[in-house]
Structures are given as structure tokens and as C-alpha cells.
Amino acid sequence: MKEIILRVKQARRDSYLLALALILLLLFPHLLSTYNVSLLTEVLIWVIFALSLNLLLGYTGLISLGHAAYFGMGGYTIALLTVIWGYQNFWFCMLFALIVVVILSFAMGFLVVRSTGVYFLMLTFALAEMLYALSVSWYTITNGDNGLTGINKSVVGLPFSIGNKTGYYYIILAFFVLSVIVLYVIIRSPFGRVLIGIRENEVRTRVLGYDTLRYKYFAIVISGTFAGLAGALKAYHDGVVTPDYFGVVTSGLVLLMVIMGGRRIFIGPILGAAVIWLLRQVISNYTEYWSAPLGVILVVVVLFARQGVGYYLVRWWEERRHERVGN
Amino acid sequence: MVTTDQLVIAALNGVAFGMLLFMIGAGLELIMGFLSIVNMAHGSFYVIGGYIAVAVVRKTDNFMLAVLAGMVVAGVIGLAAERFLFRRAPEHLDQVLLTFGLIYILHDLNKLIWGGDPYGIFAPAALAGSIDIVGRGFPVYRLAIIVIGLSVALGLWLFQEKTRLGAIIRAGVNDKQMVAALGINIKMLATAIFTIGALLAGFAGVIGCPIIAVYPGLEWGILTLGFVVLVVGGVGSLPGTLVGSLLIGLTDSLGKLLVPQTSMFIIIAVMAIVLIVKPSGLFRRG
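Which chain is which? The protein sequence lines are A and B, in order.
Under this note's numbering, the first residue of the first sequence carries the number 44, and numbering increases by one thereafter.
Under this note's numbering, the first residue of the second sequence carries the number 502, and numbering increases by one thereafter.
The set of hints was computed from the structure by calculation and includes no laboratory data.
Idealized CB from N, CA, C, for every residue including glycine.
Any given hint could be a false lead.
[Said to hold, decoys possible] Residues from chain A shown here face chain B by an in silico Cβ test under 7 Å; the list is partial:
no., residue
1, Lys45
2, Ile48
3, Leu123
4, Leu154
5, Met165
6, Ala169
7, Glu172
8, Val291
9, Gly338
10, Leu341
11, Val342
12, Leu346
13, Phe347
[Stated by the list, open to error] Ranges between beta-carbon positions, derived for each pair:
no., chain 1, residue 1, chain 2, residue 2, range
14, B, Ser537, A, Thr330, 53 to 59 Å
15, B, Val648, A, Pro336, 42 to 48 Å
16, A, Asn244, B, Ile687, 21 to 27 Å
17, B, Arg637, A, Gln324, 23 to 29 Å
Just chain A, same shape as in the assembly (with noise of 0.2 Å):
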């Protein structure tokens, strides 16, 4: 009985928690500067970029290194969409992105999901790195180094613009919770119980009878359809899209959100995404070296955080509730 009054208890607890961070995201374009407001816009670009990666990477054990390129097919999509071809409806952009980017990922992971471990890593990372180059040099189209600009001329339908920092705030506020609604619930699903199962110990989930390759090849999809909604989403928060949106630098970006915040909870991600970025963000406004402190970072999350910052501090907070819970 004090279980259940105690889960009770907890689970009330969280979804104060949950209101009370719904209630700030809504306020904060009130309550922020305009760079700030885009700032958060970007932080929330990354979240659901980062919750994309760990459905791979923390619950099947699957370590992608080329996640930006489905983050770059969404954001190139769009650019090309609303660039080249002048199709300036937001929605069927975003939508015709998002076709697009599982297309790609049911063709890379077609590619990508018989190999396991290192075989992974390095796969994942070389088509990322050949989707660069083939930005960089398809000069026709993708005009190359120099990126195609323009992009947030497109239409909402709403009384904003994409251009509006704060109207498209909401928009992406939007699709973040919607975003980590779904990521959620199919984490907490028998889908994602297998998928946890298959990076515990593959040979035993298949012995369980579980058809372990599909899984994985259905993990990679919705994994990279959410990178690529981010990166759809990015391209008309900046309005001109790079090659960089499919570089190493993205995908190490992401990659040690995901690492840095915690792997294992669901909550890392989110954490990782804000700090790393804002992190990022700080230190470029004060010199071009940002790269070092982001790899000292992630060389000392490894050898003395393992499962990532987020995940000791869920527990510290979890302890500290059972003590003043429990009473």
C-alpha cells in the first residue's frame, strides 16, 4: 500500500515537473531576448535530433556516427523544395521532407543494418562523409560550399512568417512535443522493450524469437525520420542550408549530446542537447576553439561519467526524493 502511495506520489510529482517545464517553454519567447528566443529554437532543433540518435544509440546499441545524414537529406530537402523549386508551402514542404528522409533511411539502412558494432560505426560514417562531398561537389544543385540561401520566404498559413523568430518558435515547439511524445511512447512500447533487448544481448532476444533484424531496420527508420524532421526544421530556422548539415562535425556534435547527457534515460538526450549547444554557442562568441573543450568533455564523460552526466544526476534526484518521500 505505501508503494503505490509513494509511486502515486512520485508520478504527481513528475507531471507537475513536466507542466511546470510545458508552462516555461510557452512563456519563454515573452520572457527572452529575440537571440535568445532563436537560441531555444535551436536547442529544441537539436533535443529532438538528439532523441533520434539515442533510440539507435541507448536503447539498441547501435553507435551511428553518420546521423547527420539524415539530418542534412531533411534540411537539403527543404532547402531544395523551397530554393530551386519554389514550392513555398511550409506544410507540404515538411512533408514531402519527411517522405524523403525515410525513403533514405530505409535505402541506408537497407546498407547498414546487417553490420553490428564497429562495422557500424565506420558504415554510418562513411556514407554521412560521402553525402558531404556529394553536397560539395553536385555543384548544379546543391550550390556546393556555398550552401543554398533564401529558404524562409516560405508560407505558414498562420499570421507569422518563418521569418518571425518567435511565431516560428511555436512551430517548433510544436513538433518538439510531439516529437518527444512519440519517442516516448515508443521507447515504453514492446517495440522499444525489444529493441533495449537487442543491445542487452542480440543472440538471446533472437533466441527469444524476435526477428532481430527488423527491429534494428525499423529502429534506424523512425531513428533517422526524426533526425531528418530536425534537420528540416533547422534549414528554415536558418534559412540557408550547408554542407555541414551532413558533416562529421554534426554528427560528432549529436553524437556527443547523446554520450554526454546520458544514454540510458530518457532525459539525457535532452540534457546533453541544451548544454552541449549552449556550450558550443558561448565558447564560439569567445574564440574559434571550440572543438578542444567539446573533446576534453567527452574524453572526461568517458573515463569518469560513463553513462553520461544526466543519468548520475537522475539518480542523485531520484535518491534525494526517496529520502524525503519515503518519510
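Given the structure of chain A, go ahead and fit chain B onto it with the hints provided.
Same frame as chain A, now just chain B:
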């Protein structure tokens, strides 16, 4: 239309590039085969070798010295990294992540020391100039790369097959615990392997410097090429790495000649075909 002599020149270029790829891939393959970790920083060691080469050649004009210096510096950094960082990580994934962090750190270090501009050197005087092949001039240095690459391949093969250390390494690839049980210090061996891998990468960086200029960011491109070679050739097999690198080198070179805009595509296609037909590479472990 493409003429025969163009094809021959492109093929030779491909072989030369393939040999450079081999030197890059061999170190990566060695580390991966024995230590089962992906040395993400492999490209960084290459780049460091290149930068050192530029510095040494500018000061002393001595290419041999540059080769030595590049190898030593890369090797020392590799040794230090393995000894003080990687050894502390319990799992393979952790070590991979550590090498990943190393890239970021080395990247900024390179940028700090050498700046952001690309640097190159000229081929050493003895190997400069060009030689007539099928009526066209072909750089002697590229022929030299082919010779050097083959020598390295031969050297590595002899090392692996004919020396005691090579035998230990081969045994370690198959069964590390048994090797340890035989009384061999696995930890020191791991450090040695990693250092050799770094040495090879630094060596490749110096040798490659006359044809590929070094700049911050090159490490990723080199790493990608190394990965592609390993995926195609298979891990754990030196002949595999050789075949893989030649295949990629030729694909790249001929691709640039026959279908200029899409040579990258063709490399992806080759990799994809190999992946579909033989997921663990053309030559599997053994």
C-alpha cells in the same frame, strides 16, 4: 572519347593513390584487428605527419628527416594517448569515443599551431620531375609512392608472418586471453600496436604531403577513406586491405576520368555492392 593513354595515366594515378590509401588503411587495420577499436584519430595522426613534414622540409629541406620526424611525433602522441587515456577505458566503445574526443582536441591544436591555411610541400629533389609514360609526363614521385607502398606492404607482411612479434600479434587477433596466458604482457602489446598504427599514419601523412595538402579538417576525409578501404577489404587481413585500397584508388581515379561529377557516387556504389554481396568485406578475418 577517352584515349588509351589517358586510361593508362589514370590507372597509374589510381594505383599510386591506392598505395597511399593502403598505408593509411594498414595502420587502421592493425589497430582494429588486434585491439578491436576503431582509431578515429587515425586521420589526425596522418595530418600531424603532414604538418610536421611541412615544417621540417621548410626548415631543412631534408625529406628523409621529415619522414622520420613525422613518424616520431605521430607515434609519440599515439603512445601517450594509448598509455594514459585509452587504457583507462574498460570497453571498446569507450575507447572509440576517446579517440573521437582526441580528434577534436588535436584539431584545435593543429589549428592553433599551424593556422587554418592548407600547406603542401614539393616532392624531394631526387624524386621530382616527371617521366614519359605512353607519351605523357607522369610524376616520378607518384611512381615512388607505388614503390614505397609495395615495400611497406611487403615489410608488414614479413613482419606479420616471419617475426615473433608478428606471430604474437596474429595470435592476439584470434585469442587475446590465450596470448596473455602464455605470459605476454598484453597491455604493453596494446600500446605497441597502437603506436605502430600511429607511426604508419604519420608516415603516410608525410609521404602523401606532396600530393595532398594538409589543412584542419583533412583528418575527417582521410578517416573516411580509411573506413571505406577497411569496409571493402575486410578487417583482419593485410591482403584484403591492399586489394581494398587499390580497388578504391582505381575507382576514384578512373571515375574522375570517365564520369567526373559523380566519382564519389561510384565509390559509394562500390562500397554498397561489396556490402550487399559480402557484408564483412572482400577478405574476411584470417
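Violations among the numbered hints: 1, 2, 3, 13, 14 and 17
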